[in-house]
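Residue numbers (this note's numbering), protein chains in the order written: chain Z, 380 to 686; chain F, 6 to 225.
Everything labelled a hint here was simulated from the structure, so no lab data went into it. Just to be clear, a hint being listed does not mean it is correct.
[To be verified] Here are the simulated EDC-like cross-link-like pairs (lysine to aspartate or glutamate), alpha carbons at most 16 Å apart as the crow flies:
no., chain 1, residue 1, chain 2, residue 2
1, Z, Lys493, F, Asp81
2, Z, Lys493, Z, Asp446
3, Z, Lys493, F, Asp82
This one's a predicted model, so the numbers in the text were calculated from it and none came from an experiment.
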Amino acid sequence: MNRLAATWNRFWFEPSTATHLVVARVVLYQWVARQALGLRSARWAELPDVFWEPMSFHRALGLPLLDAFTLSILDAVYFTAALCSAAGLLSRASMAVTAVLALYLLGLPNDFGKINHGGNVLVMILCLMPFSRAGTVGSVDAVLRAWLRPSRPRPPARSGEYTWPIRAACVCIVVMYFAAGVSKLLASGPDWVLSDNLSLTLTRMHYSHQPPTRLGLAVAREPAVAQTLAAAAVSLELLSPLAFVHRRAFYAVGVGLFCMQAGIWLLMGVAFRMALGLFVLFWLPWGAWLDRALARAAAFWSPPRAG
Amino acid sequence: MASSLNETVELRPIVPGARRRFAAPGQFDYRRRVEGRDNASRGPDASISLARRRRISALLVLLLLASASQIVLRRDDWPLSSFAMFSGTASPVFHRIALVGVTADGEVDLPDSLFSPLAQARLLRALKTLHASGEDLGPVADFVQCRHESLGGRDPHGGARLDGIRFVRRSWDLDVSLANLDSPRFEVLFEARFPADEPGEGVVDREGPPAPGGGRRSTP
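Go ahead and model the full structure; you've got the sequences and the hints to work with.
Here is the structure:
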């Protein structure tokens, strides 16, 4: 039991610098703010009631479709909160407001007949961020704190507080792929791989979408190639949790999933841009790269030591 | 931020020989490269209290359990999900529901802007559900007509006036050469004519007589 707890603690709370978390906070929330600008949620209030079909917790909690004016106000608050989160101003409160409004506003389109899955991981990450200490470093809050209360101790240079949100985001990403793999097995079993399923799917996408290449049709013409790709995709999805067992596996799985996602776009014309963006933001070692670059820059600009 | 980074590189004690067991996104290797030594696995992190660690752990366990329940129960409780897109096996016949405009010259495709903010895919999914449950699709026709009139009563391509809408199902036998892409089988599921200038006129469905009272009826 102790070993399990130690493993758990090491995985989530291994001390690291705040660099990656700060980068993630700034990029993520400025992205959310830009998205908020084009949200125009008031449009949903113009639709006939017949389309209103609330899903998930919107239905369970009886959340109503608000009027156009209120939705416009919420959009503005959402944008402001996201901007404050990016800047690190009143970080925890602004991240909490962003999360709550994301749950309503980003869920709103799903209350009209179809649930899109492109934003699931984003919303989950937004819901986790208010619990993190993402605003303690590299933020307006940090500057104000240092200015107003100089006697207070500075946040630690390394802490598990800076590690767990990044890992939680990576876990959310992996859970998405793992769930997709399990769903394929539960829904179709081995037929998903061994039948002409992928050939038909690739062909179908040329009837319903406009893939950027005709590679999908080329693959569909070769059943063996299609089945191999199907097997590789399901295997990768099911084995994706191995990313957290070893650092090489982390990058191998990362490269594999990224290639798979890019392949889905090239062969099928379905681009999960948001998932890809989150992948790049949280999976790549931005902290290490920036730390190293800054350390080198500091060494380069520091005066040479005497002797 | 820069000052904390400098502190990190210069001041952290490092235990030589210790190995990391987990991948640390963004956190490993650079110290080895910068300082020629490996980073260390350390004991409990003193910067987080035990109570705080427990609270965060409870949150993470909750997240993992909720995600696992979605997978096992094959549910889709947004933002959690079992991500079951494309999990079924594909059929060799592809059906696609579409909403088209009716003009004096025939049919025209309707662009997404007419249904905004509903994307065509979302509208069609809603229509499919409504149609399957036998609900009146009249409000949908009213909605499209209203939007259409806001565009000046013309079809969005600037051509002839729209006289109504059709809810159609197109079917293809999938062919890897896409030879039949432009020649699907075609079935009208529902049709609504927009009212003519005089109230009560021109409200017809595909098969039946004009609906009483100017209303519309669906004809599944």
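Okay, the hints, checked on the actual structure:
no. : hint                 : verdict
1   : Lys493/Z to Asp81/F  : 11 Å, holds
2   : Lys493/Z to Asp446/Z : 21 Å, violated
3   : Lys493/Z to Asp82/F  : 12 Å, holds
Checked against the numbered hints listed earlier, the structure breaks hint 2 alone; every other hint is satisfied.
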